[in-house]
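*Asks:* Same order as they appear, the protein sequences are chains A and B.
For the first sequence, my numbering begins at 1 and goes up steadily by one.
For the second sequence, my numbering begins at 1 and goes up steadily by one.
Read the hints as simulated data drawn from the structure, not as lab findings.
Keep in mind that a hint or two might mislead.
Claimed, not checked - Pairs of lysine-lysine, DSSO-like flavour, derived with a Cα cap of 30 Å:
| # | chain 1 | residue 1 | chain 2 | residue 2 |
| --- | --- | --- | --- | --- |
| 1 | A | K2 | B | K180 |
| 2 | B | K378 | A | K2 |
| 3 | B | K538 | A | K244 |
| 4 | A | K133 | B | K180 |
| 5 | B | K30 | B | K181 |
| 6 | A | K92 | B | K378 |
| 7 | B | K538 | A | K49 |
Claimed, not checked - Here chain B is said to cover these stretches of chain A; the calculated rule only asks that three of the stretch's residues, wherever they fall, bring their Cβ under 8 Å from a Cβ of chain B:
| # | segment |
| --- | --- |
| 8 | 39–49 |
| 9 | 121–127 |
| 10 | 163–177 |
Claimed, not checked - Residues of chain A clear of chain B, computed beta-carbon distances all greater than 12 Å:
| # | residue |
| --- | --- |
| 11 | R6 |
| 12 | R73 |
| 13 | G94 |
| 14 | R117 |
| 15 | T131 |
| 16 | I143 |
| 17 | G210 |
| 18 | S213 |
| 19 | N237 |
All figures in this text were calculated on a predicted structure; none of them were measured in a lab.
From the three backbone atoms N, C-alpha and C, an ideal C-beta is built for every residue, glycine too.
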Amino acid sequence: MKVTFRIWRQENKNSKGQFESYEVDGLTEDMSFLEALDYLNELLVTQNKKVIAFEYDCREGICGQCGVFINGRAHGPHDHMTTCQLHMRSFKDGETIVVEPWRATAFPVITDLIVDRSAFDRIIEKGGYITAKTGTAAEANAILIAKEVSDKAMDAAACIGCGACVATCKNSSAALFTAAKINHLNSLPQGKPEATQRVLEMTKQMELEGFGSCTFTGACEVECPEGISLTNIAEMNARRAKAKWFG
Amino acid sequence: MLDSKIPEGPLESKWRNYQLKSQLINPANKKKLNVIVVGSGLAGAGAAATLGELGYDVKCFCYQDSARRAHSVAAQGGINAAKNYQHDGDSVWRMFYDTLKGGDFRSREANVFRLAELSAPLIDHYVQQGVPFAREYGGVLVNRSFGGVQVQRTFYARGQTGQQLLLAAYSQLYKMKRAKKVEMFTRHEMLDLVIIEGKAKGIIARDLITGELKRFAADAVVLATGGYSRVFRLSTLAIGCNGSAIWKAHKRGACFAAPSFTQIHPTALPQTSEAQSKLTLMSESLRNDGRIWVPKNKEETRKANEIPEEERDYYLERRYPSFGNLAPRDIASRAAKERIDAGYGVGRLKNAVYLDFKHAIERFGLETIKDRYGNLFKMYKKITGVDAYQEPMQISPAAHFSMGGLWVDYELMTTIPGLYAIGECNFSDHGANRLGANSLLQASIDGYFVLPNTINNYLASALKEDHPTIDHPEFEKVEKEVTDQINKLLSVKGEKTVDHFHRELGKVMWQECAMSRNKEGLVKAIVQIKDIKDAFWKEVNVTGGHQEMNTELEKALRLADFLELGLLMCTDALQREESCGAHFREEFQTSEGEALRNDNAYAYVSAWEYHQGEFKLHKETLDFEYVQPTVRSYK
């Protein structure tokens with residue numbers, strides 16, 4: 001199959017970027033979207049041109065490193081999918097495919113399609129953990145956790161940290177990402193001792209990083225590869241209000 | 001040369017005896033000691049966080065944009081521990097024996113026992129960190145079965161166990177970053193090791209954003225860089241996984257052990273085209289409830305669901321009645337290869353076998369199967385477009401885990417003093433074949449429990465020496481060598497892409513050094529790889545410069561090392577004239593086609609020393625004091 005890629009090229013974080021068009025023939029429907037970009041990059045090398053920089057690692061939807069805006073949607077045309085899981089069979093022969101990096105103040109572009117998501121790490125650093133030094137744990141089954149509680153914690157913990165929620169949000173809010181981690185830990189008995197501090201410090205850091213506020217459009221849930229529910233944000237807000245007013 | 005430093009005393013007390021005798025460092029002195037940890041997976045993050053807690057000054061490096069993306073994240077099925085929660089007769093001894101036998105008696109008894117012994121406290125640790133392991137309605141932890149074992153000792157968090165464990169390790173790491181005990185260097189790739197007066201004292205790393213080469217000095221260097229199965233190009237590994245750090249360490253003097261012991265995983269998605277970059281793994285846990293089969297008729301054209309029971313060959317159940325679909329990975333992969341090579345493969349390219357859940361759904365109900373494997377079925381659908389609740393999955397063997405790696409002693413130190421290798425990048429516990437759910441285990445045990453308790457034995461003496469500085473002439477020299485290599489790559493300006501050469505290498509490795517090997521093929525492969533390597537250095541084109549982000553240059557540097565590593569793997573496979581575990585030499589098999597081990601001649605770990613492009617073999621004899629090696633049977 002043949003497609004035209006319109007891809008954002010940007011030398012570095014200080015330069016002004018622009019779209020460039022690439023006509024690519026010889027693709028097959030079995031190829032993943034990233035393999036089509038690999039293919040394009042090999043063509044560029046044979047033309048002695050610099051390759052397009054884009055992110056990936058595991059290519060099976062779990063590491064969260066890949067992620068671009070494709071035809072105006074985070075991770076492409078399907079709900080709940082990472083860019084690496086997208087295949088060319090989702091596009092029509094002859095189609096023009098527009099590819100851009102995540103756009104958010106808190107995710108500055110490094111080069112081409114690659115952005116800096118270290119803001120996420122800094123949010124985690126402010127409490128996305130349970131303080132338990134190696135070697136200090138009690139017998140595992142001494143902590144009983146109801147299956148529903150554990151399952152719900154797992155639903156939130158499944159976040160892969162790709163940033164699609166931020167990229168798709170009109171306010172560039174990181175509320176879904178932050179809420180997922182807070183709810184994972186605060187709903188478990190092990191996470192209770194630090195629960196108040198966690199919700200206050202992580203949400204504060206989220207704001208300091210320049211992410212916008214959540215206005216509950218639900219766009220994030222649709223694009224989230226793990227389908228993490230919007231209700232997590234409501235739950236986080238409730239936890240935050242409680243922590244602020246009642247300690 | 002190869003002193004394994006196994007402690008005195010009975011097997012059960014060796015680790016305790018070791019700890020009683022190892023040197024201690026007082027907390028005030030620990031903060032004067034710097035440790036570099038390369039890699040941020042379960043081994044690297046676990047070690048960096050724990051060393052930070054102990055008071056050392058730690059620098060941790062990863063090539064990804066965040067430590068949370070290290071490839072431990074992709075492990076699906078679970079982690080083993082001898083908790084005996086299921087009351088099914090499990091014990092540390094049984095887990096030790098299963099692992100030793102699973103590795104076809106090509107690993108050290110003392111190491112394997114320690115792995116089993118520390119497994120139970122590791123689960124306690126992860127639960128305390130908030131890992132949402134699967135639970136019963138009553139609130140206790142659940143277990144499931146995994147290949148090569150007849151008890152249920154695998155703990156899991158849906159099909160995302162690796163992710164959940166890694167996120168726990170990553171969060172502990174960033175907690176220590178916040179405490180200013182660990183400094184993180186993301187998007188940094190180690191390109192060489194610096195040795196001063198015979199001891200590992202630092203690294204040269206490339207900042208992947210600016211391209212700048214940077215020097216880092218330390219009192220000890222820990223490599224936790226994972227496996228090297230990307231040498232086959234198509235593998236279950238992340239695209240960035242590489243062998244460069246351990247290869248550079250090898251070239252600077254660290255012995256490389258059993259490089260050819262590579263696990264081929266039986267349940268990956270089959271290759272569909274030449275352009276494919278990756279073979280996605282489907283968790284081995286699926287074999288708990290899924291049944292593997294091929295049609296009895298080679299010319300079969302019907303869809304899977306239309307083929308009646310009596311015309312299906314459940315070949316694992318037929319050949320291995322006592323373990324059936326839960327036969328260990330090496331055996332399941334070879335059995336699949338045997339059927340596919342004989343012409344019974346399914347799928348468009350006839351390169352796959354069926355993994356069928358029909359009976360499990362009938363027996364347990366759709367909801368139970370969804371609860372157990374829901375995300376794996378979802379993933380399968382995303383990639384193939386097929387609903388595996390309705391028709392069987394198509395799976396195929398793929399290169400997966402590296403049992404081989406840098407040779408390490410009981411303390412996990414390589415043959416270079418002050419250089420440690422932990423997790424998948426070392427050779428220690430898995431012998432010639434790793435059991436499922438033992439990978440997360442070994443990486444975690446090495447990182448959290450073993451290294452932080454052994455490194456002090458070395459650092460206690462480092463305390464008395466001068467701390468290395470980056471002004472030392474050795475840093476200058478090594479950095480120049482790295483610069484020269486980069487410049488050389490950029491100046492070739494040939495006409496072929498890096499991926500072209502990687503595909504060539506992958507084809508040779510997959511053909512001659514994967515599931516089955518023979519002398520003729522290996523000899524041929526060595527010649528072919530040398531040719532590919534020569535052509536690479538003459539014809540490759542790496543566009544872009546080095547003082548900027550250049551993903552093509554990153555790939556080229558990794559491939560340059562894979563081309564050399566491939567040679568060593570074939571050399572190792574050639575010298576081992578027996579079949580054991582994943583190493584199957586066609587010349588050495590029983591009349592039933594099973595591996596034929598030779599304990600008289602080959603009960604050793606091969607450890608290769610690098611010398612100006614040549615490899616010299618050293619042997620560490622494996623003494624079996626507590627277990628009598630037997631013919632490994634799963635029939």
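*Asks:* Please name the hints from earlier in the document that this structure breaks, with their numbers sorted from lowest to highest.
*Replies:* 1, 3, 10, 14, 15, 16
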